[in-house]
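Let chain C serve as the given structure and place chain A on it in line with the hints.
Residue-level listing of the chains:
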Amino acid sequence: MRKVAVIGAGMTKFSAAQEKTAVELFAEAAMDAMNEANVKPKDIQCLCLGQVLADFSEGQCTTQGFCADSLGLPNVPATRYEGCCASASVAIRDAAVWVGAGIYDIILAGGTETAAKMGTPLATRTFAMGSDAHYEYPAGVTFPGVFAMLANLYCVKYGVPVEKVIDAMAAIAVKAHHLGNLNPHGQLHKEITPDMVKNAFVVAHPLTLYNCCPFSDGGAAVVVVSEEIAKKLSDKPMWILGSGQGSGGTIGSQKKYLPHIAAREFSAKEAYSMAGVSPKDICVAEVHDCFSIAEIILQEQLGFFEKGKSCDAVLKGETTVGGKIPLNPSGGLKSKGHPIGATGAAQAYEIYDQFKGNCGPRQVEPATKKGALGLTDTLGGNGGAVVNIIYQKGW
Amino acid sequence: MEYPLTWKEYDKALRKNKLLGLKCKSCGAVTCPPKMTCDNCTGTDLEVTELTGKGKLVTYTVMQIAPEGRENETPYIMALVELDEGPWIFGRIGGVDPGKMTIESIGKKLRLSHSVFYGDKFSESAAGPLFYFE
Chain C
1 MRKVAVIGAG
11 MTKFSAAQEK
21 TAVELFAEAA
31 MDAMNEANVK
41 PKDIQCLCLG
51 QVLADFSEGQ
61 CTTQGFCADS
71 LGLPNVPATR
81 YEGCCASASV
91 AIRDAAVWVG
101 AGIYDIILAG
111 GTETAAKMGT
121 PLATRTFAMG
131 SDAHYEYPAG
141 VTFPGVFAML
151 ANLYCVKYGV
161 PVEKVIDAMA
171 AIAVKAHHLG
181 NLNPHGQLHK
191 EITPDMVKNA
201 FVVAHPLTLY
211 NCCPFSDGGA
221 AVVVVSEEIA
231 KKLSDKPMWI
241 LGSGQGSGGT
251 IGSQKKYLPH
261 IAAREFSAKE
271 AYSMAGVSPK
281 DICVAEVHDC
291 FSIAEIILQE
301 QLGFFEKGKS
311 CDAVLKGETT
321 VGGKIPLNPS
331 GGLKSKGHPI
341 GATGAAQAYE
351 IYDQFKGNCG
361 PRQVEPATKK
371 GALGLTDTLG
381 GNGGAVVNII
391 YQKGW
Chain A
1 MEYPLTWKEY
11 DKALRKNKLL
21 GLKCKSCGAV
31 TCPPKMTCDN
41 CTGTDLEVTE
51 LTGKGKLVTY
61 TVMQIAPEGR
71 ENETPYIMAL
81 VELDEGPWIF
91 GRIGGVDPGK
101 MTIESIGKKL
111 RLSHSVFYGD
121 KFSESAAGPL
131 FYFE
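Chains C and A are the protein sequences, given in the same order.
The first sequence begins at 1 in my numbering and counts up one residue at a time.
The second sequence begins at 1 in my numbering and counts up one residue at a time.
Only chain C is shown next, with the shape it has when bound in the complex (with noise of 0.2 Å):
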């Protein structure tokens, strides 16, 4: 495999509801994203484009054609990555494959999502496509149910005290929002305590609405190039070590696994294979906190805490700025909002962010030094998809 770079990030403001197109979205992060790459419409060989819902929210489908003629990409060939709500990181990962395998030189890659736009009901009821929709969806399965689930059984399976886990969610998002409110692209600016997250509407005992992530619109994109144009493009070459992606059937065939994701056991190890790097080597991560008990759950399968007992070390602060593993600095799909098709990008350009030492007040230290290592973590439905890509710090 031939080492592979991001050159080149963009990302629109997350939002709720607004008025821009998929299509539009998507170009404005991609053309920043070229811009910075220093590559003109005319040199990109390919896009890769996670693309979830538009067929729903826009009655579009083939929207990376649109996106690719948009953007005057040379009638490239464009291929629409769609792994629920790991799609784009679906789409990078699959960019540095073919750039690593030599087949192209110059990817653009990202993704994009109106999911707003549809409103809460039909949101819901698309978001649910995610799960079994003949064995799951019957009986009523929805992702904040699925996630309430596992946050019981993590409390029966380790024997922690639902008050705990409830207070350690709560921190959660309260890191979310207060580090997302320093995020110029985010979509929620808004400090909130812990007693607002208990005191919130329930959605899914023990989940409040403060530990659910928004529906949001938005567009997000890089660059990705052999490390031959990256030398020659760029002086920040964000290298990708090494990724990993996993698979996933009904929640229930993940029994052996429950309540962590059986996807991410097999992505993550991958990933720091590939990268030939542990855990205690990654200084940064942009993680998939899509519910408050997700980032729980993750932080334990990434490898940065034992499994049962991550609690405590979230509730120490060990998992905000200056603690020992920063997760989402951005304020993650939390705070900063989770268009679901344009996430993982989101993930690639906050970590291309923090290597470059642009993130003032919410910025990572350790992840300013020569060859520092970022990770990102993207959860597609129930793990359907889950995706890790471990990036480096070139310059």
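Check before you lean on any hint, since a few could be wrong.
[Unchecked claim] To list a few chain A residues with every Cβ distance to chain C over 12 Å, as calculated:
| # | residue |
| --- | --- |
| 1 | 1 |
| 2 | 18 |
| 3 | 43 |
| 4 | 44 |
| 5 | 52 |
| 6 | 84 |
[Said to hold, decoys possible] Reference excerpt, derived from the structure (chain C facing chain A, CB under 7 Å, subset only):
| # | residue |
| --- | --- |
| 7 | 121 |
| 8 | 122 |
| 9 | 145 |
| 10 | 148 |
| 11 | 156 |
| 12 | 204 |
| 13 | 205 |
| 14 | 251 |
| 15 | 252 |
Think of the hints as simulated: they come from the structure by calculation, not from any bench.
A virtual CB, placed ideally from N, CA and C, is assigned to each residue, including glycine.
Showing chain A alone in chain C's frame:
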């Protein structure tokens, strides 16, 4: 190779409160809901079997927000159930006030019935497991 037990056959049986799964002739494990391969050993020598429909509660939550078209179903209890034969399946719990559910409910014994989702513009009508405490 023909699918060993289709969703349509599973659904028809569930509407009569019969839970069908697949018994592996190689390792003896039971797979439910049905798949092409054994959930335990990935073997394909499978025979259709009727499960007892008995199991115990693994975890649950009470859903307060529903997807489009199902708003009148809330609040309802979502559950993950470990069947006596081994598989974990997703279903709903009926016959109990959702407000009375606590973490102590986990581990209690359940028996299978079913509810029917009448379908919408995206998905056709389908039965779903509905459990009652023994």
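Against the structure, the hints:
The claim that residue 1/A lies off the interface holds: its Cβ sits roughly 19 Å from the closest Cβ of chain C, which is beyond the 12 Å cut-off. Listed as a non-interface residue, residue 18/A keeps its Cβ farther than 12 Å from every Cβ of chain C; the least gap is roughly 15 Å. With 12 Å as the threshold on Cβ separation, the claim that residue 43/A sits away from chain C holds: the shortest Cβ distance comes to roughly 16 Å. For residue 44/A, the non-interface assignment is confirmed: its Cβ lies about 17 Å from the closest Cβ of chain C, beyond the 12 Å cut-off.
No Cβ of chain C approaches the Cβ of residue 52/A within 12 Å, the least distance being about 17 Å, so the stated non-interface status holds. No beta-carbon of chain C is positioned within 12 Å of the beta-carbon of residue 84/A; the least distance is around 14 Å. At about 4 Å, the closest approach between the beta carbon of residue 121/C and any beta carbon in chain A falls short of 7 Å, and the interface hint on this residue holds. Against a cut-off of 7 Å between C-beta atoms, the interface hint on residue 122/C holds, since the closest Cβ of chain A lies about 5 Å away.
Look at residue 145/C: its Cβ gets to within about 4 Å of chain A, closer than 7 Å, so that hint holds up. For residue 148/C, the interface hint holds, since its Cβ comes within 7 Å of a Cβ in chain A; the closest pair sits about 4 Å apart. Interface hint at residue 156/C: satisfied, since its Cβ lies 5 Å from the closest Cβ of chain A, which is below the 7 Å cut-off. At its closest, the beta carbon of residue 204/C sits 4 Å from a beta carbon of chain A; the interface hint therefore holds under the 7 Å criterion.
At its closest, the beta carbon of residue 205/C sits 5 Å from a beta carbon of chain A; the interface hint therefore holds under the 7 Å criterion. Given hint, residue 251/C at the interface with chain A, holds; its Cβ is 6 Å from that chain's nearest Cβ, closer than 7 Å. With a cut of 7 Å, the hint placing residue 252/C at the interface with chain A holds, because the nearest CB-to-CB distance is about 4 Å.
Of the numbered hints stated above, none is contradicted by the structure.
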